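8 protein chains.
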Amino acid sequence: RRTGYPEVVYCKGKRIEQAEAIMVGMRDAGLPVLGTRASRELAERIARRFPEAVYEEEGATLTIGSLTDPDEREGLIAVVAAGTSDRPIACEALRTAEFFGSRTLFINDVGVAGIHRLFARLEEIRQARVVITVAGMEGALASVVAGLVAVPVIAVPTSVGYGASFGGLSALLGMLSACAPGISVVNIDNGFGAGYQANLINRQKVKHG
Amino acid sequence: RRTGYPEVVYCKGKRIEQAEAIMVGMRDAGLPVLGTRASRELAERIARRFPEAVYEEEGATLTIGSLTDPDEREGLIAVVAAGTSDRPIACEALRTAEFFGSRTLFINDVGVAGIHRLFARLEEIRQARVVITVAGMEGALASVVAGLVAVPVIAVPTSVGYGASFGGLSALLGMLSACAPGISVVNIDNGFGAGYQANLINRQKVKHG
Amino acid sequence: RRTGYPEVVYCKGKRIEQAEAIMVGMRDAGLPVLGTRASRELAERIARRFPEAVYEEEGATLTIGSLTDPDEREGLIAVVAAGTSDRPIACEALRTAEFFGSRTLFINDVGVAGIHRLFARLEEIRQARVVITVAGMEGALASVVAGLVAVPVIAVPTSVGYGASFGGLSALLGMLSACAPGISVVNIDNGFGAGYQANLINRQKVKHG
Amino acid sequence: RRTGYPEVVYCKGKRIEQAEAIMVGMRDAGLPVLGTRASRELAERIARRFPEAVYEEEGATLTIGSLTDPDEREGLIAVVAAGTSDRPIACEALRTAEFFGSRTLFINDVGVAGIHRLFARLEEIRQARVVITVAGMEGALASVVAGLVAVPVIAVPTSVGYGASFGGLSALLGMLSACAPGISVVNIDNGFGAGYQANLINRQKVKHG
Amino acid sequence: RRTGYPEVVYCKGKRIEQAEAIMVGMRDAGLPVLGTRASRELAERIARRFPEAVYEEEGATLTIGSLTDPDEREGLIAVVAAGTSDRPIACEALRTAEFFGSRTLFINDVGVAGIHRLFARLEEIRQARVVITVAGMEGALASVVAGLVAVPVIAVPTSVGYGASFGGLSALLGMLSACAPGISVVNIDNGFGAGYQANLINRQKVKHG
Amino acid sequence: RRTGYPEVVYCKGKRIEQAEAIMVGMRDAGLPVLGTRASRELAERIARRFPEAVYEEEGATLTIGSLTDPDEREGLIAVVAAGTSDRPIACEALRTAEFFGSRTLFINDVGVAGIHRLFARLEEIRQARVVITVAGMEGALASVVAGLVAVPVIAVPTSVGYGASFGGLSALLGMLSACAPGISVVNIDNGFGAGYQANLINRQKVKHG
Amino acid sequence: RRTGYPEVVYCKGKRIEQAEAIMVGMRDAGLPVLGTRASRELAERIARRFPEAVYEEEGATLTIGSLTDPDEREGLIAVVAAGTSDRPIACEALRTAEFFGSRTLFINDVGVAGIHRLFARLEEIRQARVVITVAGMEGALASVVAGLVAVPVIAVPTSVGYGASFGGLSALLGMLSACAPGISVVNIDNGFGAGYQANLINRQKVKHG
Amino acid sequence: RRTGYPEVVYCKGKRIEQAEAIMVGMRDAGLPVLGTRASRELAERIARRFPEAVYEEEGATLTIGSLTDPDEREGLIAVVAAGTSDRPIACEALRTAEFFGSRTLFINDVGVAGIHRLFARLEEIRQARVVITVAGMEGALASVVAGLVAVPVIAVPTSVGYGASFGGLSALLGMLSACAPGISVVNIDNGFGAGYQANLINRQKVKHG
Ligand SMILES: Nc1ncnc2c1ncn2[C@@H]1O[C@H](COP(=O)(O)O)[C@@H](O)[C@H]1O
Ligand SMILES: Nc1ncnc2c1ncn2[C@@H]1O[C@H](COP(=O)(O)O)[C@@H](O)[C@H]1O
Ligand SMILES: Nc1ncnc2c1ncn2[C@@H]1O[C@H](COP(=O)(O)O)[C@@H](O)[C@H]1O
Ligand SMILES: Nc1ncnc2c1ncn2[C@@H]1O[C@H](COP(=O)(O)O)[C@@H](O)[C@H]1O
Ligand SMILES: [Mg+2]
Ligand SMILES: [Mg+2]
Ligand SMILES: [Mg+2]
Ligand SMILES: [Mg+2]
Ligand SMILES: [Mg+2]
Ligand SMILES: [Mg+2]
Ligand SMILES: [Mg+2]
Ligand SMILES: [Mg+2]
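Chains as they are written, first to last, in the working numbering: chain A, 1 to 209; chain B, 1 to 209; chain C, 1 to 209; chain D, 1 to 209; chain E, 1 to 209; chain F, 1 to 209; chain G, 1 to 209; chain H, 1 to 209.
Please keep in mind that the hints were generated in silico from the structure rather than gathered at the bench. This structure is a prediction, so every number in the text was calculated from the model and none was measured. Hints may contain errors.
Pairs of lysine-lysine residues, derived as DSBU-like cross-links and limited to a Cα-Cα distance of at most 30 Å, are as follows [what the hints assert, rightly or not]:
1) 12/A - 14/G
2) 12/B - 12/D
3) 14/G - 12/E
4) 12/F - 12/D
5) 14/A - 12/C
6) 14/F - 14/H
7) 12/B - 14/D
FRET-style restraints, in silico, Cβ to Cβ [as the list claims (entries may be wrong)]:
8) 70/H - 74/B: 55 to 61 Å
9) 120/A - 69/H: 38 to 44 Å
10) 116/B - 48/C: 44 to 50 Å
11) 41/G - 25/A: 31 to 37 Å
12) 117/G - 68/H: 40 to 46 Å
The beta-carbon is built from N, C-alpha and C at its ideal position, and this holds for glycine as well.
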């Protein structure tokens with residue numbers, strides 16, 4: 001594996017036996033495994049075989065083992081989400097970042113319509129080395145946060161919203177057009193991608209530092 | 001005129017003599033006149049005939065007289081703009097609102113990437129009966145402001161930006177999807193429409209109060 | 001709460017226990033509660049606990065108490081809808097405006113293809129301080145109504161229609177491009193947003209008048 | 001020529017000598033000629049050779065002769081346009097319909113924002129066998145007119161407008177989604193197509209009647 | 001009714017009792033009734049009450065009586081459809097045109113990929129006073145047919161196809177951009193609109209001829 | 001060069017000296033050179049240095065030498081274009097195919113609105129081993145031709161047209177959705193790509209035959 | 001049949017008896033039959049009648065007989081697919097190419113994110129006369145492969161992906177914009193079209209060689 | 001300044017005196033200054049006043065001083081660009097990263113159509129702590145590079161290309177949909193944003209390491 005990281009199994013769009021077979025194969029080869037968009041049914045099958053497997057339903061992640069021991073995770077990544085409906089994507093980001101070796105902090109329900117809630121958590125957020133913002137609708141959270149922190153922000157647009165949100169398009173375009181520098185963007189609903197990239201950034205220090 | 005207001009001349013897309021003729025006709029009929037998207041050349045022609053005409057180049061508005069005496073304008077409308085490039089649209093909104101009888105306040109350069117600048121002006125903004133927000137790119141200003149004031153917000157997306165801003169589309173979709181209630185939106189770059197609507201709202205009090 | 005208004009619960013996309021818990025929490029804290037996009041099942045659960053709760057199925061709104069006593073509502077808001085299929089959105093707007101303290105008038109089935117029906121109701125509509133127009137397909141109702149009344153029009157595009165209506169896009173673009181001034185627009189199917197904004201405008205008089 | 005009609009020369013996108021050569025060739029072959037989107041320069045060249053050529057600058061049409069003698073034109077086509085900026089397209093439609101043998105009536109500046117102006121002309125419009133509506137922005141004129149007349153309406157969306165008008169897209173989608181039956185639509189700015197189709201419909205009577 | 005025609009009931013998006021009540025009301029008032037997008041279940045309910053009702057499942061039309069006696073229908077409308085999947089829309093057009101008083105001819109499965117099949121039916125098609133073309137995917141049928149007949153063509157894009165057909169968008173844009181004159185277009189899948197417009201054109205002769 | 005072919009210089013978007021330098025460099029290295037989208041000015045510079053250079057203005061191609069001797073070109077490629085405005089793209093395809101070693105045939109002005117013109121040339125077209133169709137607007141030519149020949153069709157949508165043609169989008173979507181099999185599509189206005197691919201297909205025979 | 005090939009039955013969107021009837025009719029007429037997008041249920045019905053029928057579930061193809069004897073297939077077509085989710089479309093392409101007489105090679109799971117896997121199979125791929133690339137998401141596989149082989153590449157974008165993949169649009173646009181020459185593109189998910197076109201190209205040799 | 005960095009002047013869309021005034025003001029306040037999208041004329045004006053100013057025409061950046069001494073820049077950022085036309089954006093990224101304190105490496109002309117050129121530079125690229133990929137058209141470079149390196153990739157889509165590239169949209173969607181993890185994306189043509197974000201990531205080490 002050239003990039004130094006194990007592959008991750010994107011379970012959606014695979015038949016349940018297919019997904020199971022791949023995860024089992026990797027585990028039997030001694031690798032830690034991360035499955036995303038995993039169904040409860042898949043989790044149950046895997047649990048029968050690997051009691052150490054952990055399923056987190058909200059983010060639909062299923063892990064067997066981890067790349068780093070939880071105690072040895074280093075560097076804090078803050079995941080800042082606008083509202084309740086953004087939680088599943090935020091959770092996917094959190095579990096991904098942890099799996100690859102980062103510590104995480106979850107700040108929820110701090111959408112910009114009630115900006116005092118965001119300010120109330122600002123000192124916590126400023127402890128992080130990377131901030132992931134998760135928001136649908138107009139996605140304004142990314143701009144506001146990036147203006148308040150001095151570290152890289154990874155923005156995840158979500159498909160939360162209706163009408164002119166066009167399945168996440170409004171948030172995506174907004175985040176790409178953001179007036180604050182220090183933001184880069186991943187695909188709509190791609191919590192995994194954000195967690196992975198944030199961990200890469202965070203782990204720089206470890207490798208080069 | 002059923003709606004109780006004089007017509008406004010949208011000068012763009014009209015030949016200069018056409019625009020001049022319409023404005024002269026209205027003025028000769030004793031009406032105050034507002035021309036939008038007026039060129040300097042048109043302004044000079046009109047000025048020769050009506051020395052009382054006022055041309056504001058930044059917003060490209062040209063007025064001859066006004067619906068209300070400046071001293072008698074009532075009720076404050078705040079026009080809050082994100083950045084320097086949004087100024088022309090903000091000015092169009094300001095002059096329109098004034099022409100129809102509102103007092104105005106202009107708060108510029110308070111984009112959400114530096115949100116402390118917005119907070120520094122918040123008490124002033126809260127004096128207004130209606131707030132117009134003018135912003136391009138991700139248009140996040142509308143959501144943030146609407147969450148901070150208790151009066152109606154009229155949001156004007158602008159075509160400022162490039163790439164994924166798609167000529168104002170990102171700001172438009174963002175403002176329509178805004179997570180804060182109390183926002184309604186006008187067309188991209190439509191400072192006139194925002195000023196007109198804000199004045200209508202502001203003048204409610206006068207008519208019904 | 002900075003804006004002086006209680007929060008509203010958007011029930012769609014929340015699990016039923018989640019929505020219930022939030023509404024119960026607010027009610028127990030002594031607040032009046034408005035839930036939008038509420039299912040019948042949620043309404044039944046809430047009703048068991050709060051017999052004073054009112055569910056209006058057509059608009060899918062669920063209220064427990066109200067911000068103002070129905071007798072004390074002031075200022076008329078007219079909700080003018082094009083056709084039968086626009087009724088759910090119109091009802092959401094009506095119930096929202098009432099909840100926050102406005103009186104309302106509902107004018108239905110006055111789409112512009114049979115414009116005499118609209119004219120037949122014009123005097124009634126002209127009693128209102130704010131007019132909400134609700135229409136899908138080409139959304140022409142907003143332009144026509146705004147040309148006939150002297151008060152602010154809040155336009156709600158709906159996703160009614162098929163083919164080139166593109167889920168409300170044709171109505172949305174039409175309303176934003178409307179040739180009549182005095183219109184501002186909310187998101188597709190956002191009856192709540194229109195009712196909220198119309199109430200804000202209407203209540204101006206009360207606060208400042 | 002299978003369809004019984006001479007070809008029409010679309011001059012835009014052709015070099016001036018190319019356009020001239022085609023028109024001269026057709027005329028020398030004894031045919032009446034209609035050129036659309038013709039420049040003044042082309043018109044002058046043609047006029048030198050064919051003094052009977054007629055150039056109408058507003059609609060940019062250039063004709064040499066006509067399919068029918070003006071006195072023998074039959075059946076009235078009404079071209080109803082929303083505003084001043086729609087005039088060029090309306091004129092293209094008028095001249096095309098006349099060239100192919102129809103009588104025409106031009107009703108201008110009757111956009112739906114001031115619907116009383118449309119009503120003032122309604123009896124005239126009702127004399128027509130076919131009505132062409134020409135409008136940009138939200139294109140609501142087509143729906144309103146189709147609801148008021150009992151004959152086919154051909155709707156021409158124009159690229160007039162800015163922002164959310166998206167170069168005629170809002171008018172196009174609106175007209176296609178129109179809630180009134182009896183409308184069919186041609187391409188954005190295609191005055192020629194509307195005039196041609198309206199004439200075909202009008203001339204039915206002559207051929208079959 | 002200003003336009004001289006009874007209203008038509010668009011049954012989709014109405015609850016079954018709603019649709020039934022409207023149809024019954026109209027019939028009881030002595031009017032012939034046309035319901036489009038009618039379900040089998042609605043048809044059965046109506047049939048119990050009005051044995052003369054006719055349901056055509058393929059086009060989902062439900063009629064009770066007719067505006068003209070079948071024997072007295074006049075003037076032929078040809079409905080030319082590209083493929084099997086376009087049949088439901090073609091049938092909606094056919095039944096609508098007949099209901100309002102036109103005779104019809106149905107030519108199916110003559111898509112342009114096998115153009116000899118179209119040529120084999122050309123003489124039949126040329127008997128018609130109006131031609132309706134029904135096609136999805138690239139919608140080329142409209143251009144080809146319009147080049148072969150001397151009467152107006154009403155083009156109906158359908159949502160048949162996948163991928164780049166984008167739910168009828170490719171056919172819609174193609175028909176609007178068609179290089180042959182004499183085409184006007186209705187909404188995607190709007191067989192009713194095409195049948196109605198074609199009948200209006202066809203009936204011209206009767207009224208004015 | 002892995003693919004066995006020399007590189008081609010896309011001159012647009014390069015400064016004239018840049019383009020010149022690249023072409024000179026290649027030629028000096030003994031390679032035949034093909035420049036596309038070349039300006040007359042560039043052609044003149046190159047001609048001063050390489051008198052054997054050939055500039056074809058209509059297609060804006062500039063060649064110095066050729067991969068195969070004109071006499072040794074083999075296998076016929078037919079380039080079939082809808083109208084005069086499609087000629088530049090057709091010429092780019094023709095010159096590209098010839099440069100790489102194919103014989104070509106150019107059939108112009110056979111748009112589907114006058115399909116007899118296409119049929120008149122069908123026997124010629126059927127001599128080709130590959131057919132390139134070049135058309136804007138609705139792009140129907142590709143479907144019709146593919147239904148008439150037994151060889152691969154490469155379809156080039158062009159940006160010819162206005163309004164709903166959306167700069168070639170209508171033709172592109174139409175060609176991709178085409179109901180006839182045996183079509184594959186290149187980018188809008190990409191005459192070069194079509195000529196290159198058609199030559200690859202044609203030359204198969206030579207390499208493997 | 002002008003094009004020398006039997007028709008293929010696109011089973012989706014046809015009722016099962018309809019599809020069955022067509023296939024039976026063709027088979028009874030002595031033709032080999034290929035059905036695409038065939039359901040298991042249809043396959044079972046056909047199998048009862050024609051035991052020689054072959055159903056391949058992954059690609060949803062159903063064949064009865066074949067145009068050429070498997071032993072007589074000539075010329076290799078490589079189908080190169082990016083990932084597991086692209087397999088169904090790849091299989092449709094494989095079975096189509098075989099049915100019409102080509103030999104095939106299937107290379108799976110060689111997406112560009114792990115480009116060494118593609119290189120490991122490059123020599124095999126280079127045996128082919130035509131290469132079909134099947135990929136969703138960004139569709140980069142087409143560009144990379146076309147840069148590595150000297151034969152025509154047919155690119156099939158798939159609807160695999162989410163968010164900004166927009167149902168295959170990102171892959172489609174990417175493949176059309178590809179920076180490598182020698183690529184032409186078929187519709188999103190159109191494995192059939194790619195297999196058919198690749199076979200046409202491959203079979204050139206046989207006919208002309 | 002909350003984020004610890006000086007502001008950058010985006011010169012486009014500002015009048016030349018405006019841009020000059022801002023830059024002079026910042027410099028007089030003792031700050032290093034970076035202007036992007038600066039014209040040659042602006043550069044000359046600034047140079048007259050500040051001889052230490054440096055203008056790089058290709059990337060249109062204008063700097064007066066620098067945040068860090070060139071000798072003290074730390075950590076390598078590789079900017080990898082697909083082709084000549086992407087150079088201006090790549091240069092904007094390079095100069096931005098340097099200005100804020102990073103060392104840089106520029107790898108040009110390594111588009112995926114000739115992937116051996118990319119492989120030839122791979123060892124160099126692998127020295128970097130962050131890689132910026134700059135590409136238009138299909139933007140495949142980002143996916144390929146991210147699959148080959150173990151550090152974060154910042155992808156910049158460019159507006160290079162025509163037709164289906166839609167001004168950078170194809171590259172943007174492709175990069176967002178990329179099948180390789182470890183990529184995040186900035187706005188179309190936003191070299192500044194990429195350079196800024198890459199520097200933030202790179203400097204992590206310094207601050208936290
Ligand atoms: N800047 C503007 N943007 C949008 N609408 C405008 C603007 N200025 C004026 N209008 C509207 O355009 C109408 C006049 O249009 P016209 O008759 O073309 O001059 C006025 O009544 C206003 O409603
Ligand atoms: N203004 C116009 N818009 C659209 N189509 C036109 C227009 N004028 C002429 N045409 C059509 O274009 C054809 C001529 O195209 P061309 O051969 O390019 O001159 C005519 O036969 C008409 O069908
Ligand atoms: N999977 C497919 N995708 C696109 N076109 C197909 C497919 N399968 C068959 N076709 C085409 O559809 C035609 C049959 O369409 P139909 O008459 O509706 O069965 C065939 O002649 C093929 O050209
Ligand atoms: N080329 C660029 N593209 C996008 N954003 C930029 C660029 N250059 C500067 N900026 C941002 O624009 C801000 C300055 O904008 P302004 O106040 O309009 O000059 C800076 O703080 C940067 O965040
Ligand atoms: Mg920051
Ligand atoms: Mg508020
Ligand atoms: Mg009004
Ligand atoms: Mg009518
Ligand atoms: Mg015709
Ligand atoms: Mg063929
Ligand atoms: Mg190649
Ligand atoms: Mg990597």
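Original post:
Can you name, in rising order, the numbers of the hints this structure does not satisfy?
Top reply: No hint contradicted; all consistent.
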